[in-house]
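Q: Letter by letter, the chains look like this.
Number of protein chains: 2
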Amino acid sequence: MSVKVSYDEVKATVKKAFLNVGLTEEQAETCATIHTQSSADGVESHGLNRIPRFVEYVQKGWINLEGKPELVKSCGAIENYDGNLGIGITNAIFCADRAMELAKEHGVGVVALKNTTHWMRGGTYAWRMAEAGYLGMSWINTESCMPLWGSDEPSVGNNPFCMAIPREDGQIVLDMAMSQYAYGKLGVYRLAGKELPYPGGFDKDGNLTSDPGAIEDSKRILPTGYWKGSGMALALDMAAALLANGNCGTDMDNANNGSCTGCCQIFIAFNPYIFGSKEEGQAMLNKRVAAADSAHPENPSRPVKCPGESTVERRKKSMEEGVNIDDAIWAQVQAIAAGDLNTKDIASK
Amino acid sequence: MSVKVSYDEVKATVKKAFLNVGLTEEQAETCATIHTQSSADGVESHGLNRIPRFVEYVQKGWINLEGKPELVKSCGAIENYDGNLGIGITNAIFCADRAMELAKEHGVGVVALKNTTHWMRGGTYAWRMAEAGYLGMSWINTESCMPLWGSDEPSVGNNPFCMAIPREDGQIVLDMAMSQYAYGKLGVYRLAGKELPYPGGFDKDGNLTSDPGAIEDSKRILPTGYWKGSGMALALDMAAALLANGNCGTDMDNANNGSCTGCCQIFIAFNPYIFGSKEEGQAMLNKRVAAADSAHPENPSRPVKCPGESTVERRKKSMEEGVNIDDAIWAQVQAIAAGDLNTKDIASK
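One line per chain: the protein sequences are H and W, in this order.
Residues 391 to 739 in the numbering used here are what the first sequence spells out, letter by letter.
Residues 391 to 739 in the numbering used here are what the second sequence spells out, letter by letter.
Among the hints, erroneous ones may be present.
If chains are identical, the list can't say which one is meant, so a pair holds when it fits in one copy or spans any two.
BS3-like cross-link-like pairs, simulated, lysine-lysine; straight-line CA separation at most 30 Å [unchecked claim]:
(1) LYS706 / LYS677
(2) LYS594 / LYS584
(3) LYS406 / LYS463
(4) LYS575 / LYS668
(5) LYS609 / LYS394
Just so you know, these hints were derived from the structure itself, not from any lab.
Hey, can you work out the whole structure from these sequences and the hints?
A: Quick look at the structure:
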């Protein structure tokens, strides 16, 4: 069951909740905006649904509200920050913005952040870079939640990779976790009594299955593209840890202190109009998007869309009709906003 | 049917063939090395198998043997080159090396190359960067050869994405096309009378299938991870064209002058030891690889491997036992080396 609540009411309630948890006015404003936007964009798993777990992590001391990004070292177009286990969202925004500053100066800018916490919706920072007119890339490493290809136990993170192309007529934003489905999505299908549209993992007997409950039981979620997403997840993990001089997935597995606590994140911004004019670039993008959107559809009622196009439609709908929220989650967030900090992690169930 | 031929004999024969086609001594030496290495590494599709098509492209004027990378503009840590439709391999090597030079100076270096030709095996340049001690990334855009998700006609390239992590005890190299299987691989399975291990596309009736011949007929090859690889392929296409101020996939579709002719390629090199020492970095990588390789295997006789590990094993075997080559391809290459330039494009069949 879900409710629809106006964007402004959601944001105000979330902000009140965050203030009660101890965030400063500025932190609460930023985090409320990002969580509300994520739900409005249809990414409920890392929007409202994630708030109880965020509060739990603050209470356990896994997130340090005083922690701020601290410059470790700078070298030309690349900088290294220690996130000091601060709030994942504010740390990541700071670093995405620094990458853009560096790109302004050097054409490309890279920030390698270590020792930070869950950035919530991965695409947030790629969208931010595209909206500021930069071509953006970002990725993260996490603790193991997915079997590597050939293994039957969780042995790599589903390490999301994001890529954003700034387009004035609609940003193109890829926000791609390395698992075919998120665990959150499996729960949604299971609760609705539905099979997944395509196999999403293996059951306990090692058979590829579309039964979400069987995958939740086995914990054998499928990497995107079988061996391909498995390999890319591992490469992203090592690249992030190496560049940021921080934790790899194995370190997080050993620490066992929640999802993404102490992780690394990489932010790359490119000035996209160094070699061609903005007019040329935008015209090329419009041509490419038009060609993609007019590719012959298998089902005439479902035209092809570029990454990000559905998100913009969903956002518009949420602004008009209200943001869709699971009612149990909404009750939790309202309770936190009313001062009851006894959170229950509904999202992870 | 295939033959096994010593690495040195293969390389010498390929070099002779390239000299007959009009390559200079230096071009022939470089290209013979790369094509032979690709076959020795098990990537026959872009090793020996691709030589007849390369020769055909030179004869058609789609590859310009005089074309060299020409600096269009430089800005800080990023440079733009025009490939002048020169040889894909030599153009790409030049740009990968420039990216490393830039990384030496700026911490990170980016080269955006436009108007180049097929780089053959994508992983070549990531391997090169890793072997030189750099963390490397590269990708390419191509003409449409794969339906976008939701379409039933080829509408995006399978745009390979590569990522290399320098590790002295064995490079970690991801070389990942955005289609689940290459067309070349479908042919291999069909000729062997085998089904694909996992569905690789849709048949003419729109059913997901593991029958390689049915996918060759429909041209509905499956993106890696369904909608995910489709979205990433499109994002890589636009990012490459925007950064390099060059052709997007749609331009190449309209030009209709062979695979990858006039494409863009992006090369990014990172100095991986700016923020941590080499010793720390290598120790972290060894720890991560050891954890991955010891993940509990589903099948005890098939241990988990990191990207690149199988390649190194295959390379070793090829050096010991000879390079595996399809006998029809070998006959073609030998004929070219003997001066018969009437090539037949066996590879694409």
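Q: Now, for every hint given, state plainly whether the structure supports it.
A: Here's how the hints hold up against the structure:
Within a single copy, LYS706 and LYS677 get their C-alpha atoms as close as 24 Å, which meets the 30 Å cut-off; across copies the closest is 46 Å, which misses it. When the C-alpha separation of LYS594 and LYS584 is checked against a cutoff of 30 Å, the pair qualifies both within a copy, at 19 Å, and between copies, at 27 Å. In this assembly of identical chains, the alpha carbons of LYS406 and LYS463 never lie at most 30 Å apart, being 36 Å within a copy and 51 Å across copies at closest. Taking the shortest Cα distances, LYS575 and LYS668 never come within 30 Å of each other, neither inside one copy (38 Å) nor across copies (40 Å).
Taking CA atoms no more than 30 Å apart as the test, LYS609 paired with LYS394 passes in neither setting, with 32 Å inside one copy and 43 Å between copies.
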